[in-house]
Amino acid sequence: MTAETPTRPRNTQPAAWRHTDILDLDDFDVDEIETVLTLADRMREVLDRRIARVPALRGYTVVNLFYEPSTRTRASFELAGKVLGADVITITTATSSVVKGESLIDTVRTMRAMRADAIVMRHSMAGAAYLAAEHTDASIINAGDGSHAHPTQALLDLYTIRKRVGDLRGKRVVMVGDIAHSRVARSDMWGLTALGAEVVVCGPPTLLPRGLRPGDRPSHAESALPPVIIETEIDRAIEGADVVMALRLQSERQQGGLLPSLHEYSQFYQVTAERLKRAKPHHLLMHPGPKNEGVEIAATVASGSASIIEEQVTNGVAVRMALLYLLSGRTDLPGEETR
Amino acid sequence: MNSTGTVLDADGIRRAVRRIAHEIVESNQGAGGLALVGIQRGGAVLARRIADQIEAIEGARPPVGSLDVTLYRDDLAHRGIQPQPQPSELPDIEGKIVVLVDDVLMTGRTVRAALDGMNDFGRPRAVRLAVLVDRGHRELPIRADLVGKNIPTSAHDDVRVMLEELDGSDGVIVVSGRVPA
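Chains F and P supply the protein sequences, listed in that same order.
The numbering used here applies: residue 1 is where the first sequence begins, and numbers increase by one.
The numbering used here applies: residue 1001 is where the second sequence begins, and numbers increase by one.
The shape of chain P in the complex, shown without the other chains:
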């Protein structure tokens, strides 16, 4: 039997996004020179929400874009190909402080692929990583600068981030154990 639990509800996600936006503005001392890049698809939605919050705080909206990392992954042969990559639409990132945004951080391979991918679009002055959920189980030396919530999980758990723009409602759930295919 698999058990399912909600670890973040809609309010929790909203608060986490707001806090991440505040932390970005605080460490950057404003919204100047920032660019937000969300990893398709969940990260792209979150990046837009973070930009909305930054705009509400600072009155200026940083440029936002999205990046699909499918073609940069190093584990195509293990995962099988992903036949429907999403579009990548990046703002000018040259010389910017780029906040890379993803929904769930686990092995770090997606982030590594995203760093490679961004290289082809320009050279940011620095890259920060913001994630809604850090669930552990890193396989690469990568850590997040901004975390919505740390969730200890087993490697067999399935963490699902649902976002209104994609799924109709907000919530983060953990399905423990192996999920039947």
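So here's chain F without its partners, still in its complex pose:
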């Protein structure tokens, strides 16, 4: 027998992946998103084991650098790193030199000098993660920069939706609430449209980003956003939805004067059981957390049968495991070959 070259994809097949940092999803192509989602499925299996611990990231150091409060994202990254055997430390502003005025760049460099391989960063300033990435060769993972981006949340949303509904092409995904201040909404828009979903954003005009408000000329866009459908009327938005995502009203980022009153807001924009009747019969209900129950979402809805909010949380750990694992594959950092 003269052997043909076997066509089996052996363990050497290159997957689509070229990132050394994860800053936002606007520079991810479909294949790269698929790489993350496929790998996340394997990580989910590891996470569900009785002993959820593998040594894949032994010797890899992850620093959580949080300039803004966070419970779930921080815990999620800590667990993701630990399940893969990485060393994980967490620094929050209240306990660090940040209160002594150390600059963000200094802090990032100091962490790298201590041989951090990846720095997970949350900051109230849009672009903070980008600035950090310019000044260090450690991998920077954006865990939320102001109102700009939250790519790991978007990837876990994509993974969670995909696991439930399969192919996203043509599926109607509706985001309701404070779109203007939501970094989750922005990153989700990129990811969902890349996978072919029909994305609807809905909120009062004052809480829609510039460029998406009714009557805006394209030149008003504060930054390029992917094509989405704008709706200011919640009932019309939810009509025929496969997925409804309620977003937190971000009081801490609002300059004031954007809403007449909280009561009025919840009257017009709260996701309620009554309003969800317009969605598809087997629709899914999501929320990136933390929730203001009784404001953007009714308590009964948040814990109702359509809610997959807790699944989002579990899947978040698996997705972050996948991302840390992919970033750990870099071979361009000094000292990596001795790991």
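Don't read these hints as lab results, they were simulated from the structure.
Only true hints are included.
Not everything, but these chain P residues come out facing chain F in the computed CB check (under 10 angstroms):
| no. | residue |
| --- | --- |
| 1 | T1070 |
| 2 | L1071 |
| 3 | S1088 |
| 4 | G1117 |
| 5 | F1121 |
| 6 | G1122 |
If the Cβ cut is set under 7 angstroms, some of the chain F residues that face chain P in the computed set are:
| no. | residue |
| --- | --- |
| 7 | R42 |
| 8 | E45 |
| 9 | I51 |
| 10 | V54 |
| 11 | A56 |
Residues from chain P that keep clear of chain F, each with C-beta distances beyond 10 angstroms, as calculated:
| no. | residue |
| --- | --- |
| 12 | R1018 |
| 13 | P1063 |
| 14 | H1137 |
| 15 | E1139 |
| 16 | P1141 |
| 17 | G1177 |
We put the CB at the ideal spot given by N, CA and C, even for glycine.
Using the hints, position chain P against chain F.
Here is chain P on its own, set in the frame of chain F:
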């Protein structure tokens, strides 16, 4: 120029699998208390075939599972990451005689990773190693208990095990010399 030679054809693989199944049953005195765990991907296929044979011989099929060792490897930094690990689905291995199955045994690092990985699923009473091909060049003190065929190779040779379930046909070939990338 690279030369290519077939060292096991479909019949050869079938006979090797059957012989390994017979040896397992003989040393275990039956199929009781056995569990087969194949290393993804070739080993997982072979484990199922060995289980089929054991069932044909003994009338009882031992539980079979598969293990992906990607996340347990100690040479990620040398080989680069393998971005698409396969699922691991293990049977209950607690207190069992586990036959670990792989297609090719070379350095022993995959087997070491598999032993580590199995630890997280339970504590077998004993672990035996069955491989279709042992090609030498061990880097760790690991040996196979059951070998389909010993094939002396140069470190630069490429041994390829093709299996119908994955590649459309059965065969083991050796491509000698460096294979162009």
